[in-house]
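Student: Here is how the chains run, residue by residue.
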Amino acid sequence: MRRAAIVTREIQPAELMAEVRSIEFGAISLFAGTVRDTNDGRGVTAIDYSAYTSMAESELDRILDEAQGRFGVSAIVVEHRVGALALGDVSVAIVAAHAHRAPALECTRFVIDEIKKRVPIWKLEHYADGAREWVDPTASSGVATA
Amino acid sequence: MRRAAIVTREIQPAELMAEVRSIEFGAISLFAGTVRDTNDGRGVTAIDYSAYTSMAESELDRILDEAQGRFGVSAIVVEHRVGALALGDVSVAIVAAHAHRAPALECTRFVIDEIKKRVPIWKLEHYADGAREWVDPTASSGVATA
Amino acid sequence: MSIVTVQLFASYAESFGGPTLEIPLDPGSTVGDLVDNIRALPGAYILPESPRVAVNRRFASFDQVVGPRDEVALIPPVAGG
Amino acid sequence: MSIVTVQLFASYAESFGGPTLEIPLDPGSTVGDLVDNIRALPGAYILPESPRVAVNRRFASFDQVVGPRDEVALIPPVAGG
Chain D
819 MRRAAIVTRE IQPAELMAEV RSIEFGAISL FAGTVRDTND GRGVTAIDYS AYTSMAESEL
879 DRILDEAQGR FGVSAIVVEH RVGALALGDV SVAIVAAHAH RAPALECTRF VIDEIKKRVP
939 IWKLEHYADG AREWVDPTAS SGVATA
Chain V
819 MRRAAIVTRE IQPAELMAEV RSIEFGAISL FAGTVRDTND GRGVTAIDYS AYTSMAESEL
879 DRILDEAQGR FGVSAIVVEH RVGALALGDV SVAIVAAHAH RAPALECTRF VIDEIKKRVP
939 IWKLEHYADG AREWVDPTAS SGVATA
Chain A
269 MSIVTVQLFA SYAESFGGPT LEIPLDPGST VGDLVDNIRA LPGAYILPES PRVAVNRRFA
329 SFDQVVGPRD EVALIPPVAG G
Chain C
269 MSIVTVQLFA SYAESFGGPT LEIPLDPGST VGDLVDNIRA LPGAYILPES PRVAVNRRFA
329 SFDQVVGPRD EVALIPPVAG G
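Chains as they are written, first to last, in the numbering used here: chain D, 819 to 964; chain V, 819 to 964; chain A, 269 to 349; chain C, 269 to 349.
Heads up, a few of these hints could be off.
To be verified - 25 Å max Cα-Cα, derived SDA-like pairs, lysine to any residue:
1) D/K935 to A/L293
2) D/K934 to A/R320
3) D/K934 to A/P295
4) D/K935 to V/A920
5) V/K935 to C/D331
6) D/K934 to A/R325
7) D/K934 to V/D883
8) V/K935 to V/G948
9) D/K935 to A/I271
10) D/K935 to A/P345
11) D/K934 to V/S840
12) V/K934 to C/I271
13) D/K934 to D/E884
14) V/K934 to D/E884
15) V/K934 to D/A920
16) D/K935 to D/V908
17) V/K935 to V/T856
18) V/K935 to V/S840
19) V/K934 to V/D883
Read the hints as simulated data drawn from the structure, not as lab findings.
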């Protein structure tokens, strides 16, 4: 089971877990990123996520390929949501399953770290003071949200 | 939200996630250990988990204390199940939430690693060949299941 | 001389005022040549020193040759997760 | 001389044939003394060189003093998770 998708509906982490679950595996690691109410000290009210969808899905596939090569994890599902997200919404979820815990845990971490470096997805944050801004983690004031 | 429990019913990872979820947090990390069908090359058919329950819950509490001190993670829930578990059943689940991903991920890993070292829980594995054995990870042939 | 269509997203689409740019390029031109041409346009102040460019849905180096049959995109700093 | 009740679990309970042991101890005895007394019992072959002992639900060192009012347990190699 290996699947990567950009989705526009709500992400259901429990359903992703069910996809990778198997009696061959003893360990399931899940990471979920959610929209939080502050970023870099500013009050956030909502986030619009957008993507270069076709490339984002290809890049996610390549990341899963690399993860499988590094950690031997073949059961891994990742979904990233785009569109208008509210506070608390799940923006991304990664689930990896393996016989043992270390590969499952390290795989999940690798995938979220790589997503943040190179998957073409962007967020437009809306702030409590009415302003809006494209998040730029490469800018000096940029702070990753999750 | 901080809670550690030894339980006899089915563990519901999605419910544990709901316990720690909050708009203050941007990251949720979950680890679930499940009963798998082989250990150390032998076919496993079921596992009976038992615990020194009162001490196990105290030790889990101490681990969560330490995790909070190390990673600043205050939202963390852990449940470990005891009793007769079938293949695929969730034996343990840990969920940690934090503003950022690194503390959430590292906290989850720390907690499962410490559980395996020092929480008084035991498993009696039942094998496909009819044998049964107490798992001893300190023995030379011992291999952790998850 | 041919025309390469460049897709824009997020802050770049806002800065250049639309979802695509049509950039004239000589045959054999590279990603670096394309970026040089884009720098002459209004809105290009938003580009960093080395903007990331994707060709056919993969990040491309500046010396990669690019033409009108390629799917080309300028990739703003990513912020997924 | 007083009696300390020692809880047993898992493989230790099977090896010693029950869920508890009643061990006579002089006042001021330590966890190490307790373990020495247990080693004389049938079933003690299962104990490793330094078995883990819990006193009042915490792992205890061998020099800790232990008495009849303490909750004492012998802890087999743990295998949670």
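Student: Decide, hint by hint, whether the structure agrees.
Tutor: Evaluation of the provided hints:
1. D/K935 to A/L293: Judged against 25 Å, a Cα distance of about 30 Å means the pair is violated.
2. D/K934 to A/R320: 15 Å, holds
3. D/K934 to A/P295: 35 Å, violated
4. D/K935 to V/A920: 15 Å, holds
5. V/K935 to C/D331: 22 Å, holds
6. D/K934 to A/R325: This hinted pair holds, its Cα atoms lying about 17 Å apart.
7. D/K934 to V/D883: Between D/K934 and V/D883 the Cα gap is close to 30 Å, so the pair fails against 25 Å, i.e. violated.
8. V/K935 to V/G948: Violated, because 28 Å separates the two Cα atoms, which is more than 25 Å.
9. D/K935 to A/I271: 30 Å, violated
10. D/K935 to A/P345: 9 Å, holds
11. D/K934 to V/S840: Satisfied, since the Cα-Cα distance of roughly 22 Å is no more than 25 Å.
12. V/K934 to C/I271: 32 Å, violated
13. D/K934 to D/E884: With a Cα-Cα distance of about 15 Å, the restraint between D/K934 and D/E884 holds, given a limit of 25 Å.
14. V/K934 to D/E884: Given pair V/K934, D/E884 is violated - Cα atoms ~29 Å apart, limit 25 Å.
15. V/K934 to D/A920: 13 Å, holds
16. D/K935 to D/V908: Within the cut-off at roughly 19 Å; holds.
17. V/K935 to V/T856: Since the Cα atoms of V/K935 and V/T856 sit roughly 21 Å apart, the hinted pair holds (cutoff 25 Å).
18. V/K935 to V/S840: 31 Å, violated
19. V/K934 to V/D883: 17 Å, holds
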